[in-house]
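K.L.:
Since the structure of chain A is provided, determine the placement of chain B on it from the hints.
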Amino acid sequence: MDVLLAILGQFGLYGLLTVGIAVIFAATRVVNLAQGDLAMTGAYVAATATAAPFGLRTLLALAAGAPLLLVVERLLLRRPGSDGLAAMLVTWGLGMALRQGAELLFTGTSRTVAVPVEGTLDVLGTPYPTYRLVCALTATAVIALVLLAAHRTDWGLRLRAVADNPAMAALLGTDPRRMRATAFTLGGLLAVLAGALYSPVLAVNPSMGFGLLVPVFFGLLLSRPGALATAAGAALLISTLSVLLRTWLSDTLAEALFYAVVVAIAALRSRPWIGRFSAWFRRTPAPASAA
Amino acid sequence: MVPSYPRARERRMTPALRTTAPALAAALALVLTGCQGAALSDDDAPATGGPVKIGVVVPLTGPVSQVGTALRNGLELAVRKVNADGGVHGRPVEYVVVDDAGDPANSTQLARRLVRQDKVTMLFGTITGDTAEAVGRVADEAHVPFGTAILGDTEHCFAYQWGFGESTRQMLTPTVPGLVRKHGTKVALVGSDYNYPHFYAGVAGELVKKAGGTVVAEEYSPLGQTDWQPVIGRLKSAAPDTVLSMVVGADAVTFAKQAQQFGLLTPKIGFEGASLDADFQPALGPLVTGRTHTVRWSDRLDDAESLAFVKDYRAAHQWKAPVPEVAGNAYFGVKFLLAAAEKAGSNDPEAVNKSIGGLSYDSPLGKGTHFDAANHVLQADMREVTIGGDGAYTVTRTHPMVTDTTPKKGCS
Numbered sequence: 094m095d096v097l098l099a100i101l102g103q104f105g106l107y108g109l110l111t112v113g114i115a116v117i118f119a120a121t122r123v124v125n126l127a128q129g130d131l132a133m134t135g136a137y138v139a140a141t142a143t144a145a146p147f148g149l150r151t152l153l154a155l156a157a158g159a160p161l162l163l164v165v166e167r168l169l170l171r172r173p174g175s176d177g178l179a180a181m182l183v184t185w186g187l188g189m190a191l192r193q194g195a196e197l198l199f200t201g202t203s204r205t206v207a208v209p210v211e212g213t214l215d216v217l218g219t220p221y222p223t224y225r226l227v228c229a230l231t232a233t234a235v236i237a238l239v240l241l242a243a244h245r246t247d248w249g250l251r252l253r254a255v256a257d258n259p260a261m262a263a264l265l266g267t268d269p270r271r272m273r274a275t276a277f278t279l280g281g282l283l284a285v286l287a288g289a290l291y292s293p294v295l296a297v298n299p300s301m302g303f304g305l306l307v308p309v310f311f312g313l314l315l316s317r318p319g320a321l322a323t324a325a326g327a328a329l330l331i332s333t334l335s336v337l338l339r340t341w342l343s344d345t346l347a348e349a350l351f352y353a354v355v356v357a358i359a360a361l362r363s364r365p366w367i368g369r370f371s372a373w374f375r376r377t378p379a380p381a382s383a384a
Numbered sequence: 017m018v019p020s021y022p023r024a025r026e027r028r029m030t031p032a033l034r035t036t037a038p039a040l041a042a043a044l045a046l047v048l049t050g051c052q053g054a055a056l057s058d059d060d061a062p063a064t065g066g067p068v069k070i071g072v073v074v075p076l077t078g079p080v081s082q083v084g085t086a087l088r089n090g091l092e093l094a095v096r097k098v099n100a101d102g103g104v105h106g107r108p109v110e111y112v113v114v115d116d117a118g119d120p121a122n123s124t125q126l127a128r129r130l131v132r133q134d135k136v137t138m139l140f141g142t143i144t145g146d147t148a149e150a151v152g153r154v155a156d157e158a159h160v161p162f163g164t165a166i167l168g169d170t171e172h173c174f175a176y177q178w179g180f181g182e183s184t185r186q187m188l189t190p191t192v193p194g195l196v197r198k199h200g201t202k203v204a205l206v207g208s209d210y211n212y213p214h215f216y217a218g219v220a221g222e223l224v225k226k227a228g229g230t231v232v233a234e235e236y237s238p239l240g241q242t243d244w245q246p247v248i249g250r251l252k253s254a255a256p257d258t259v260l261s262m263v264v265g266a267d268a269v270t271f272a273k274q275a276q277q278f279g280l281l282t283p284k285i286g287f288e289g290a291s292l293d294a295d296f297q298p299a300l301g302p303l304v305t306g307r308t309h310t311v312r313w314s315d316r317l318d319d320a321e322s323l324a325f326v327k328d329y330r331a332a333h334q335w336k337a338p339v340p341e342v343a344g345n346a347y348f349g350v351k352f353l354l355a356a357a358e359k360a361g362s363n364d365p366e367a368v369n370k371s372i373g374g375l376s377y378d379s380p381l382g383k384g385t386h387f388d389a390a391n392h393v394l395q396a397d398m399r400e401v402t403i404g405g406d407g408a409y410t411v412t413r414t415h416p417m418v419t420d421t422t423p424k425k426g427c428s
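Residue numbers (my numbering), protein chains in the order written: chain A, 94 to 384; chain B, 17 to 428.
Any given hint could turn out to be false.
To be verified - Negatives, chain B to chain A, calculated, CB over 10 Å:
| no. | residue |
| --- | --- |
| 1 | Thr124 |
| 2 | Lys225 |
| 3 | Lys226 |
| 4 | Lys273 |
| 5 | Pro298 |
| 6 | Glu321 |
| 7 | Gly373 |
| 8 | Lys425 |
Unchecked claim - Cβ-Cβ distance ranges computed for the label pairs, FRET-style:
| no. | chain 1 | residue 1 | chain 2 | residue 2 | range |
| --- | --- | --- | --- | --- | --- |
| 9 | B | His214 | A | Val354 | 20 to 28 Å |
| 10 | B | Ala331 | A | Gly212 | 41 to 49 Å |
| 11 | A | Tyr352 | B | Pro193 | 36 to 44 Å |
| 12 | A | Val307 | B | Ala390 | 52 to 60 Å |
If you are wondering where the hints come from, they were derived from the structure by calculation, not from laboratory data.
Cβ coordinates follow ideal geometry from the N, Cα and C atoms, glycine included.
This is chain A alone, in the form it adopts within the complex:
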């Protein structure tokens, strides 16, 4: 039970960030390297606007993040939009600017955020900090909502269309520029939310987001572009792997093995027979649902 709860807690954080980065990647084909630093920004809002209750601070972080992300997309990402590498560099620069900005504003010293829900809860006989559970469940609910939106709404359909074939989607009447702007904002907001939600569990400092980037990047690597459910699945896989390894082994060994396993999975996945097998596996139910 302990392990399951740990996986859930880890998944909430990685899942929000990975689904966010996958939304952005789907619409823009850009790996948003500022994802971790956007989470850091969210955490700083939660750490500094202490006059408001925690829930309000989280909303405030989102409200402040949305226009910022829109402006960044409009001013910085629109131009190099077609050039993936240039756009990726722009996001790298954005992350760096956020980090250095936070260091100037708040210095490099770590801060903490008071836990909004104190105490521990008994989950099937295992005592667990209540807030961890609350934030893991909130995060999971948000991920479920995003997945639902991607598969059950018009917007989701268009997002998946743009991800599959942007030129065709544009011909069929989807404005790819608008799609890119909304996807970047939504994906970024998921990161801001992750940062704000998890701030009471972590130490808030300018470089906190940078360390989150690696597992999230692996999650994106293991997912299929445009299929957000696979991104959530990849995040779950990564959380499970990391928690299980760290439960069985010492942390140092677990980390080394974690990277080895993830790289092995990524390498295996690119084998053609696996691709064929999984494609066949995916397509089987398609006629049934179309009928």
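P.N.:
Frame of chain A; chain B shown alone:
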């Protein structure tokens, strides 16, 4: 005082800084040395070997810049005080500050330049272990004494390097028996996974055994760990009475916070280590309130000299937070070095180095503080401070003359 950011972390978190920082540091260094050189070389017509000149290598930019700045501030005030009291050999002491941005490659270059071009009598500064070692090597090559103010335990001992910070043994020797007596015999050790915490755990384990306790768990986690649940779970299952932690940097905060959330750190359980450093008090607040911590110097010491220094520091830098321990160590360290230079009777670095090794000096750090020849660790007092809810580190006990004479290789 433990360096809050070990080297490995810096490298990871500011890859871009690494390319710009050396250029920036070089430019800054030029400006700094240029200015100082011009301002100070007016009376540079040495009849009896010229004034004593200190070359200061500190990170004023980059991740450890806050600690570096505190060290420089302490040194500046010490020089000002010594000069107000008549200087050394009747002449005012000079100093040149250069910024190594916490990168050992810069430290080596800058230290060499200070020795060759600025012809300094002694070197002072550095925060992280790797930069200290870089300057230590230069100092040894050039036969120029070099003082540090952070943790006396560098991996290597150099004949010309002298540490004014406390050594790991000095930190733990007065602490461990008390913790075992007060909380119980079962001690858990936890640390970030790089060489210093392993060394710390080695010393701690030895002292725990000596005090009649047992080490029930020993855990390390890579730097930058965000989820401590597995480690805390393993520590908890060992049911320790005391947790000794050398989890450093931002991780010190994450670890302590999560350990409290999972019920490992209750007020009943003893807790000592990097998380109790004054840097983290604002973040950890109630978690550390009421606990005791062992330090060499605290701004709450009530002797006249410390009080005057704290007053000057606050006035000079509009400083409201507690004055960092490293500033105090630097202040009294520089005064020690300058007293040795005065006693040497000349500015010859070799003569000064010899004088440092033989000097016995009274200061708020202790009566008759001196260096042990076998390890170049300053033999001095340690203080037990109790952390108040308002962030004050009040001195509650003095451990007079805590010696550490464990020999190290390379000292002579």
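K.L.:
Now, for every hint given, state plainly whether the structure supports it.
P.N.:
Cross-check of the supplied hints:
no., hint, verdict
1, Thr124, "25 Å, holds"
2, Lys225, "22 Å, holds"
3, Lys226, "26 Å, holds"
4, Lys273, "6 Å, violated"
5, Pro298, "7 Å, violated"
6, Glu321, "28 Å, holds"
7, Gly373, "37 Å, holds"
8, Lys425, "27 Å, holds"
9, His214(B) <-> Val354(A): 20 to 28 Å, "26 Å, holds"
10, Ala331(B) <-> Gly212(A): 41 to 49 Å, "46 Å, holds"
11, Tyr352(A) <-> Pro193(B): 36 to 44 Å, "42 Å, holds"
12, Val307(A) <-> Ala390(B): 52 to 60 Å, "44 Å, violated"
When held up to the earlier numbered hints, the structure conflicts with 4, 5 and 12 and fits the remainder.
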